[in-house]
Every structure is written in structure tokens, then in C-alpha cells.
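Position chain B against the provided structure of chain A, taking the given hints into account.
2 protein chains.
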Amino acid sequence: VKPGIPIKSVAIIGPGLLGGSLALALAGGSRCAVRVWGRRPEVVAQLRLRCPSAVASTDIETAVAGADLVVLCTPVGIMAGLAERLRPALAPGAVVTDTGSVKGAIVEELEPLLGGGARFVGSHPMAGGDQVGLQHARADLFHDAACIVTPTPRTDAATVEKVSAFWTSLGCRVFHLPPGIHDRAIALVSHLPHITAAALVRAAAGPDAPGALDLVGPGFRDSTRIAMGPVPMWDEILLQNRDAVLAAIRSLRSHLDQVETALSQKTSLAGILADARETRLRLQRATLK
Amino acid sequence: VKPGIPIKSVAIIGPGLLGGSLALALAGGSRCAVRVWGRRPEVVAQLRLRCPSAVASTDIETAVAGADLVVLCTPVGIMAGLAERLRPALAPGAVVTDTGSVKGAIVEELEPLLGGGARFVGSHPMAGGDQVGLQHARADLFHDAACIVTPTPRTDAATVEKVSAFWTSLGCRVFHLPPGIHDRAIALVSHLPHITAAALVRAAAGPDAPGALDLVGPGFRDSTRIAMGPVPMWDEILLQNRDAVLAAIRSLRSHLDQVETALSQKTSLAGILADARETRLRLQRATLK
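Protein chains in written order, with the working numbering: chain A, 2 to 290; chain B, 2 to 290.
Extracted from the complex, chain A is given alone in its bound form (with noise of 0.2 Å):
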């Protein structure tokens, strides 16, 4: 953690795969004492297991008490809950976040339950992967990652600061976007992607062309990968984000569209192809060292 902006406790409510890695790096760097509440005790022993000098505890009051910076790490749905039972347990001062995929709506809600939202923002790490769970945690999850902090105009600049730091002392690009902005960026770069992925799984095993799933190469397991993701996660993700998404949906349709048209009239599609492979190096670029 940056210094000047002391996190001396961080307590990560919701021990998978991003409040694991949360834990494994904070402890890893001795960064801070690091506190975790689970729901099911063996989860919270093998935390300990991995993470001997995190204290953790399935009382979510123990695990709150004194901690400077509180992470929900858990699903988005039932984080409203969690912080009602939390905040009475919670330090003078201290600042709470969470990791949702989604960040109007869960915004909307915690920003009031919490300090009248002086000391509540969103946050979300772009980390992750297909495999979910503690198991699959690693040190270095948010090493490079994007991280979205979402201010609103009731969110006070100390709690934005605080709340970048320390993303920041994990490795994370961190931005700062407005939460309904974030959602719309987010349904085009992570929400479609997961939709589309789905879609050409079904595509391709559908009765068009029984037995075409044997021949995949390469190219179309990298562009599926990402539905083999949790279910209940990215149903819950999608509907929360729906407006955002079935804008998202329609953008990609409309560039479907213009390679229909030129299909159909037999005109060459290289200003379309070579559009996308430009941007598409270009984010190559900038996210290679």
C-alpha cells in the first residue's frame, strides 16, 4: 500500500477465487494484516491452510473488527446483506469496496447502507477467469489487471484515494469512471464477449454441421474459452446489466450487418477485417511489455 495512505487491517469478505488471491497477495507482501470472513467453515480452513497469517473467521463481525479497508469479494446478489450485518461492526473510518462485475445497481444500494456513502465505493478488478474458487487463487492475479474504481458525486475524494491506492500497491492499471459508464464499457468488453462465446458454442454443435466441435483449432478455443465461466455468476452478471448489454448486443449486430452486406453483394470485407485486426493489435501493444 502506497505510502501516505496507511491500510494497516484489510478484512475480505468472501474468500474465491478474487477475495483468495486478494488475501494470498496482501499476505504474501506483509503488506497489512489480513482478516477474511467465509460463510462455510472449510472453506475458511483451507484459507488458513494457504494464508497462515490471514485471521479468518465465518463471524463476520470478527473478521470486520478494526480492519481500515473492507472488500466484498462475494457474488454481487447478496452483498447488500453482508454489509447490513457488517456495518455496525465497522472501524471509525474505515472504507468499504467490493469487486462486482456490475456497478450501477450495486452502487445504488450499498452507497446509502454504508456511512451514507462517504466511505463506500465501487470498485472492479478486471481478474478473473473460467475457473472460480479459492482453489484457483493465486498471488498474482491482479498483477497488470484493469481496475475500475466508481466514484459518484456523493463519494468524498479520501475514499477514492484511498480505495486507488490500494489497487494500485496490487499491481492494477486503476481508472475512475462513473458507475453507469463503467457498466456500458463493461457490457462491450467483457459482458458481449461472454454472450457471443456461448452463442458459437451453440452454433457449432447445433444440426447444422452434426460433429464440427471435432475439428476446432486453436482459434476457436481461445474465442469460447470464457463460456466454460460459471453459470449462476454471469446469469446474475447479465441481469444486472441488461440494459447495458442488450445495447452491447445490438452494436455487435450492427457490425454483423455491414459483413451480411458485403457477403451478399460479393464485395471484399478488407475494410472491415482490417479495422478490427488494426485496433486489435494496437491493444496488443499496449498490454505487452
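If you're looking for bench data, these hints aren't it; they were derived computationally from the structure.
Warning: the hint list may mix true and false statements.
Note that the list lumps identical chains together, so a pair holds whenever it fits in one copy or between two copies.
[Unchecked claim] Here are the simulated lysine to any residue pairs, SDA-like style, with alpha carbons at most 25 Å apart: (1) K9 with P53; (2) K267 with T59; (3) K267 with R254; (4) K9 with A263; (5) K9 with G67.
Leaving out everything else, chain B in the frame of chain A:
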């Protein structure tokens, strides 16, 4: 090459990613004599450096002289012209195959050109990547790749057997499909994902959410990697296979429709997502060793 199916000399037409990798694989295993034709002297010189045991030439008659098997590894659009040029130099009984991504049109062109169809059969090894050219060639490119051999009613069994044994000896999993069935299947598992990747990149780069591309995680990168593929090659492939590609886009749209309906009605997407996940996991298990 499998015992009992003697291939003593292979001529490779076009030392790009596929042809170069073929030369490296064959020369490395000392499986047979390797002959290579390249149009550009500098590429022929580069091939000689990487594969000193090969006979490499810019003269196509020299390259095919005495070869039992000739493999066309050029862009699909120039294969027929090259076939006409090399035909007079073919050894008696020589078999010709190709590596094009679209089979219907090219098989229809090449079959009558090359000995009345008896000595030609199409092939499509599902190997490659977004980086092309001899500099990216590698001896293990074909290892564990699916390779579709596409006989027609006019192809004789010995030709199919010889070409299939050739690909098997390189580590491919060989399938036999009629050219039209191949094209429909490959439209779904290769051509459609390319179009989708391009559309995803263009949607994310559009005006709906400026800066969205700064936020991407590994999911977006994997889903769109193939959009970096070579534009002229993909333009040619998509136009050559336009009917099957248009049908594949329609199939994708019908799966997007289902997602949109569920989102519009605020009903769970779990059935759709679970179907895709199960299918993709089966594919993962089948391809993991």
C-alpha cells in the same frame, strides 16, 4: 510416413506458415526428401537456411520433379494457376493435395485439372495462427491438429489413403468429409469466430463507450485474438465460403435472439449458459491429454 504407404519425396508449394512448418517437420524427422517451391527468391533463401536438407527453388518444375506427393500451401486464389504450371512436371502416379481453408470451390477447380481427379484430394489441416509467414513456421505446428481430407465420388481410395497417412504421420487427427460438408462445419468453427472477433473489437472501439478498450481483461483478449489474422487471406476465405458463412451468421443470430429475449423478459439465462458451458467443457476434456 506410415509404413506400407511409401512417400519418398514431398514437394511443398509455397513456404509460408503452413508450407514452412511442413518442410521443417518432414526434414526434421528425415522422413522423406523435401522439395520446396517459393515465388520470391528471398523466401527460398530463408527456407534453405532454416531447412538445409530441402531442395528449394523458384522454378516450380524443378520443385515437383520426382515428388510422390505435392502439397499446395499457397493462398487459395492462386492454386489453380499453379496447378496448371506444375502439372506437366508431375511424376507418374504423383498425388496432389492442398491446405486451403475452403474446399468446395477449390476441389471443383483442382480435381479436373489434375489427372481427371484420380490423383487429387483436398486437405485442410486446422493449424495456423494469427501470425503468418515462414518466420513463424515451426516443426510441431501440425501436432494434434485436426486435418480434414475431402474426397469426392471421383477420388480413388488409394489417393485418400496416401494423403491421410501423410497427415497422420505428422501427428494430425484425420477426418474424412465431403467438401461441402467440410465448408459448412468450418464456417461454424473457424470462419464465424473470425467474424465475431472482428465485430467484438469494432463494437468495443465504437462511440458507445470511449476508452472501453483500456479496460479489457484476459477474456476479451482471448476472444478476439484471431482478429489479428492476415486480412487478405481472411477476405478470400470468407468470400469463397460465403453461403456457408452467411448461414453460420444466421445461426449465431438465432442464439443471440434467445439471449435478448431472456434479458428483455428478465428471465434467467442459466439454461443457455449451462448448455454452452457443458459443451465447451466436453471439448476441453476431449482436447486435454
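Verification of the supplied hints:
Within a single copy, K9 and P53 get their C-alpha atoms as close as 18 Å, which meets the 25 Å cut-off; across copies the closest is 63 Å, which misses it. For the homomeric pair K267 and T59, neither the shortest alpha-carbon distance inside one copy (63 Å) nor that between copies (34 Å) is at most 25 Å. In this assembly of identical chains, K267 and R254 lie within 25 Å of each other by CA distance both inside one copy and across copies; the values are 20 Å within and 21 Å between. Proximity of K9 and A263 under a CA criterion of 25 Å is satisfied in neither setting, with 59 Å inside one chain copy and 45 Å between copies.
In the homo-oligomer, the alpha carbons of K9 and G67 lie at most 25 Å apart inside one protomer (9 Å), although the nearest pairing across protomers, at 77 Å, exceeds that limit.
Of the hints listed earlier, those the structure fails to meet are numbers 2 and 4, in rising order.
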